[in-house]
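Visitor: Go ahead and model the full structure; you've got the sequences and the hints to work with.
Residue numbers (full-length UniProt numbering), protein chains in the order written: chain A, 1 to 484; chain B, 1 to 95; chain C, 1 to 477.
Be aware that one or more of the hints could be misleading.
Once the Cα atoms are required to be at most 30 Å apart in a straight line, the calculated DSSO-like pairs of lysine-lysine come out as [said to hold, decoys possible]:
| no. | chain 1 | residue 1 | chain 2 | residue 2 |
| --- | --- | --- | --- | --- |
| 1 | C | Lys341 | A | Lys91 |
| 2 | B | Lys92 | A | Lys91 |
| 3 | B | Lys92 | C | Lys214 |
| 4 | C | Lys341 | C | Lys387 |
| 5 | B | Lys10 | A | Lys411 |
| 6 | B | Lys10 | C | Lys390 |
| 7 | B | Lys92 | C | Lys129 |
| 8 | C | Lys390 | C | Lys461 |
| 9 | B | Lys92 | C | Lys390 |
| 10 | B | Lys10 | A | Lys91 |
One side only, chain C facing chain A, incomplete, derived with CB under 8 Å [unchecked claim]:
| no. | residue |
| --- | --- |
| 11 | Pro84 |
| 12 | Lys387 |
| 13 | Ile388 |
Covered by chain C, according to a simulated footprint, are these stretches of chain A (three or more residues, beta-carbon under 8 Å) [what the hints assert, rightly or not]:
| no. | segment |
| --- | --- |
| 14 | 37 to 46 |
| 15 | 295 to 304 |
No lab work stands behind these hints, which were simulated from the structure alone. None of the values given here were measured: they were computed from a predicted structure. Glycine included, every Cβ here is placed at the ideal spot set by N, Cα and C.
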Amino acid sequence: MHTKTLAELARGLAAGEFSSRELTAACLARIDAHDGVLNSFISVSAERALAQADAADARRRAGAAGPLTGLPLAHKDIFCTRGVKTSCGSKMLDNFVAPYDAAVVERCDAAGLVMLGKTNMDEFAMGSSNESSYYGPVKNPWDLAAVPGGSSGGSAAAVAARLVPVATGTDTGGSIRQPAAMCGITGIKPTYGRVSRYGMIAYASSLDQGGVLAHSAEDCALLLGVMAGFDVRDSTCAEAPVPDYTATLNDSLAGLRIGLPREYFGAGLDADVARAVEAAIDEYRRLGAEVVELSLPNAELAIPAYYVIAPSEASSNLARYDGVRFGHRCAEPRDLLDLYTRSRAEGFGTEVQRRILVGTYALSAGYYDAYYLKAQQIRRLIRDEFLQAFTQCDLIAGPTAPSVAFDLGEKADDPVALYLADIYTVAVNLAGLPALSLPCGFKGQRPIGLQLIGPAFAEGRLLNAAHAYQQVSDWHRRMPQAFA
Amino acid sequence: MSLEPSQVAKIAHLARLAIDESAAPAYANNLSAILELVEQMNAIDTTGVEPLAHPLDMHQRLRADAVTETDRRDEFQAIAPATAAGLYLVPKVIE
Amino acid sequence: MQWEAVIGLEVHTQLTTRSKIFSGAATAYGAEPNTQACAVDLGLPGVLPVLNADVVRMATMLGLAIDARVARRSVFARKNYFYPDLPKGYQISQYELPIVAHGHLDISVDGDSKRIGITRAHLEEDAGKSLHEDFSSCSGIDLNRAGTPLLEIVSEPDLRSAKEAVAYLKKLHQLVVYLGICDGNMQEGSFRCDANVSVRPRGQAEFGTRAEIKNVNSFRFVERAIDYEIERQIELLEGGGRVVQETRLYDPDRDETRSMRGKEEANDYRYFPDPDLLPVLVSDEFVDGVRATLPELPAVKLARFRADFGLAEYDAETLTAERGTADYFEAVVAAFGGEAKLCANWVMGELAAALNRAGLDIAASPVSAAQLAGLLRRIHDKTISGKIAKDVFAAMWDGEGEADAIIAARGLVQVTDSAAIEALIDEVLAANGKQVEQYRGGQEKLLGFFVGQVMKVSKGKANPQQVNDLLLAKLKG
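Guide: What follows is the structure, given as C-alpha cells:
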C-alpha cells in the first residue's frame, strides 16, 4: 500500500479494497519499522489514529464519506492538536498540550483524515536542515548522511520514505519547498492568507503559511482543497473562494508562458541542479509552454531583507514563552528576571536565540530605520518586481535550492552559509506568492527540485503545471532504496 | 556592523535571554556575520519607497462585539507551571 | 523666581464593549480570577487577534465629539516589553498611525474658558493585574483584564495648573460618559489618568524636564498629586537640583509622589506594525453613519435646557453635568408636563440628597422619573402641600408605591374646603384668647403662630394659603 499515492489510496478506499483501519495500521507499522532511523516523528498517536480510522470506516459504511475520509496524514508539530503534544521542535514546548486544535487540524479532521502523529521540524521552524530540533536531526531517506532540508524536514522525510502518504508543513522562507526538493517529493506553499494560521505556532507572522508535502501535484491538490479557506479567527486569512484544484489538473499547457529569471541561474547554482532544471524546462516546452526570459533585479536582496523581517517578527512572537502560563519554566527562579532569562535560555536552542537576538537588535532604538524599515522597503521592491514579471509570464520557474541536500553537520557552525540555502525561496514569502517544488532529477542519490512560482491565488495553475510534468516524468514515483 | 560581546549582553537582556559570558563571544561572531549579510540591503537606495508590512493588499476585518468565549480556566491552568487560587504565580513583582 | 507648570494628561478610558478588543472573552468587572481570560488573552501559542468592530465605532465617536481627525487608515503596532501582567510580551497598541488625532476640548476655570488640544487618541489592549497580597514570596497574576479595550486620549501640554488639569479631566469624563463609550467608573479603573508634569520659569519657551505620574484614580488625587509634584520640582530647582525624567507613583495615604524604581530602566519598546493585524480602514460613509448616532453633547444640551426650559445657568449646568441626571430630568419633565423649574428643584434637591445619602447613581434611583412626575402633579394641583410631598417622596423611596396610592392610604389629601378650615380656625382662636388679644393689640407677628397651630390641628393637611387668608379675615373681625 505504501507505494501508492494519496489519490490512488483514496480510490482503493472508495472501492473497498482495504479499510481505513488496515491502511492506518500499515502506516503505523512502517513508522514503527523505519522511524527509528529517520527520526521524522516527534509524536506518534497510534490509538487516536486507529480510533479515527474506525470512525472513518463507519462514516464510509454510512455513505457519508468525503473524498479523503479514512486517509492517513501527519501534521508538522507546529500545528496545535488538542490532546496530543505540540512541541514546535522545542524544549520550550516539550510539555505543551494545546487546549485547542489548529484550523488546519480541524479541517483535516472534519474531512475524515486520520492523523498518525506529529512530525519533526527545526525548532520554531527556524532552520533549513532540521538540525535545530530539540528532538534531534531528521535523516534524509535518500541518503542517511544528508539532511532532509527544513524546517518541515520531518514531514518531507516521512512522505519520501513512504511512512505516510501526505503531510502538512509550513513555509516561512522555503520550509516546505526546500525539504520537498531535498527529499524528492512535491510540496506546495500557498498564497499568504490562503490557509488559516489559527493554531499554527507563529515564527514570522507576515510570512508563515501552511501547505502540503506529498508525492504528487494531484495529492497536493487533494489536501490543499481541504486545508484552504476562510477563517474568521485569522485576520490575515483571505476571503477568496477555494476552487476545486483537482478540476484543473489536466488543463493543457499550450500557450502557458513560463518565465525564467536570469538571477535564478547565476553564480552559486550547482551545475547538476542547473542541468536538471533546464531539462525540466525543455519538457515544458514540449508540453506546449512558451518560455520567456526575464529579470528580477533585486532577487539577491531577498535573503538580507528576509533575515531582518523574519527574526524581527520572531523576536516579538516568541516573547510569550516566559515560563508563566505554559511551557518550560526554570527551576527555583530567584526573581522575576531570573525566571524570564533562565526559562528562555534553557527552553530555546541556539539558532532560536540567535534569531531572537538579531530581531531584537533590528527593532531596537536607533537601528529600526536602518534594518527593519529598510527591509520592508526592499520587500515592496521585491513584491513589485514579481507583479511586473507576471505581466510577462504566467508562471516563473527555477531551481528550488542552489544545491542538493548537504551533509548532516556540514553547515552546523555557519549560520550564514545555511541561510544562503534559502536563496531561491524566501523572495516568494516576502511577496506572499504561491509556489511549489517538484522533483526533476537527481545528483547521485540526492534529489533535485524544480520550483514553480505563481501570482497570488494561482495555486490551481501551479498544480496544473506540476501535474502535467508528472504525467510525462517519473521522478516523483521513485522511492528511496532503503524504504522501498 | 560588528557586535561586541557587551552589546550582545545588552540585547540579550532586552530579549530576556540569560546568555553565558563564555557564550557571548560566539554569539557576537555569529550575529556580526548575520548583520554583515543583511547589510547587503544598503546596496540600493530605497529613499521614498513605502515600506511593505504585508504582502497582500487587504485590510482589517472587524468582529461583531459579542461574548463567544466561556470560562476554561481549569483547562488552561492544567498546562501552567505554577498556579494557586486561580492565579498564575511568579516571583514577587516589585513596583 | 516665578514658576509656571506645564501639564499634559494621558487618559486611559475603558470602552464599554461586551467582549474584549481582540477576543470574544467577556469584559465584565469583578469576575473570579482568570475566568474571563481566553486563549487569545493568555497569549497561548498559535492563537490570533481579531478586532472588535465596536471599538472602532467608539473611537470614531470620540474623534467626532472633540472635532478631531478620524484617520481613514490606522495601524496597530506591538509595544514590546516583558512584564507578568502582559501575557504576549507585547501590548497591541497604535503608534505611528492612531485612529484619532488633532482634537480639542474647551474647559472653563474661574469663569475663563480655555481650549486644550488633544494630540491623539489611540486604541490599545489593557494588561492584566498583579496581586501582591496572599502569597509570601510570589505575586499572583489575574489576566481577566488583559485585552480589555482602552482608548488612550493624550492631551497637548496645554494645562498650566492642577485646577486646569482637573477641569479638563472632568470635562473629558463627562464627554466619554455622555457618548456612552466609557462607564467612567474611576474606582474600577475604567477612567485612569497619567499626568506629565514639568515646571519652567515663567516666560521661558522651552519645557522643563518632566516626570510622569502614573495611575491617579480620582479627581481629588489628580489635583493633589499634580500640586505636590509641582511643589517638589520647584523646590528641587530652587535648591539648585535637577528634575530627573522618570515615572512616579502618587501615594494618597502620604500625599506624595515617589519614584518607581522597578520601571526606571530605560525602556526600548521596539514598536513595529503587528503582522497579525491589518490596517484598519474607515470610510466616509462609516464616519457619517457614526455622526448620525452621536448623542447630544453636554454643551449643546446645556444651551437647550436654558432655552427650552427657561432654567438658570446654574440649574442647567447642574442638570447636564451627568448624562444620567439630564436624561432623568427630561423624563420627569415629559411625564409631568408642567413647569420645568419644579422638576429641576426636585431633581437637584430632594432626589439628589437622597441619592447622595444612599450613595446611589441616578440610574439606580428607587424612585423612577415617572413616579417623581406623579408626585409633582399632586403638588401642582394642590392635592398636597410641598411639605407633605417630602413625606410622600420618602415613602416612595422606601418602596411604598406611587404617590397617589400613598396619599390615599395615609389620608394626606389637602383640606381646601373653606368651611372646614374656618371651623379649625375657630377652634384655635377660642383656645388662644390671650394671643388673639395681643394680635389685635398690634402684635401682628403672631399670625405665624396661628397659622402653625391651625396646620398642626389639621395634621398638615390644610391648604396653607387658605389658612393664611381666612385667619387674616377672622382676626380683623
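Visitor: Does each hint fit the structure? Answer for all of them.
Guide: Tested hints:
1. With a CA separation close to 74 Å, the supplied pair lysine 341 (chain C) and lysine 91 (chain A) exceeds the 30 Å bound.
2. The suggested pairing of lysine 92 (chain B) with lysine 91 (chain A) holds, with an alpha-carbon distance near 26 Å, which does not exceed 30 Å.
3. Between lysine 92 (chain B) and lysine 214 (chain C) the CA atoms are separated by roughly 21 Å; this keeps the pair inside 30 Å, and the hint holds.
4. This hinted pair checks out: lysine 341 (chain C) and lysine 387 (chain C) have alpha carbons roughly 17 Å apart, not beyond 30 Å.
5. For the proposed pair lysine 10 (chain B) and lysine 411 (chain A), the alpha carbon gap of about 28 Å is at most 30 Å, so the pair holds.
6. Taken as a hint, the lysine 10 (chain B) and lysine 390 (chain C) pair is broken in the structure, with Cα atoms around 72 Å apart against an allowance of 30 Å.
7. Taken as a hint, the lysine 92 (chain B) and lysine 129 (chain C) pair is honoured in the structure, with Cα atoms around 13 Å apart against an allowance of 30 Å.
8. At most 30 Å may separate the alpha-carbon atoms for a hinted pair to count; lysine 390 (chain C) and lysine 461 (chain C) meet this at roughly 13 Å.
9. Between lysine 92 (chain B) and lysine 390 (chain C), the direct Cα distance comes to roughly 56 Å. Violation of the 30 Å bound is thereby established for this hinted pair.
10. Taken as a hint, the lysine 10 (chain B) and lysine 91 (chain A) pair is honoured in the structure, with Cα atoms around 25 Å apart against an allowance of 30 Å.
11. Taking 8 Å as the C-beta cut-off, the interface hint given for proline 84 (chain C) holds, the closest approach to chain A being about 6 Å.
12. With its C-beta approaching chain A no nearer than about 64 Å, lysine 387 (chain C) sits outside the 8 Å limit, and its interface hint is violated.
13. Interface hint status for isoleucine 388 (chain C): violated, as the beta-carbon distance to the closest one in chain A is roughly 62 Å, over 8 Å.
14. Here's how the segment 37 to 46 of chain A fares: 0 of its residues keep a CB closer than 8 Å to some CB of chain C, so the rule of at least three is not met and the hint is violated.
15. Using a Cβ-Cβ cut-off of 8 Å, 0 residues of the segment 295 to 304 of chain A lie near chain C, which falls short of the minimum of three, so the contact claim is violated.
Consistency note: the structure conflicts with the earlier hints numbered 1, 6, 9, 12, 13, 14, 15.
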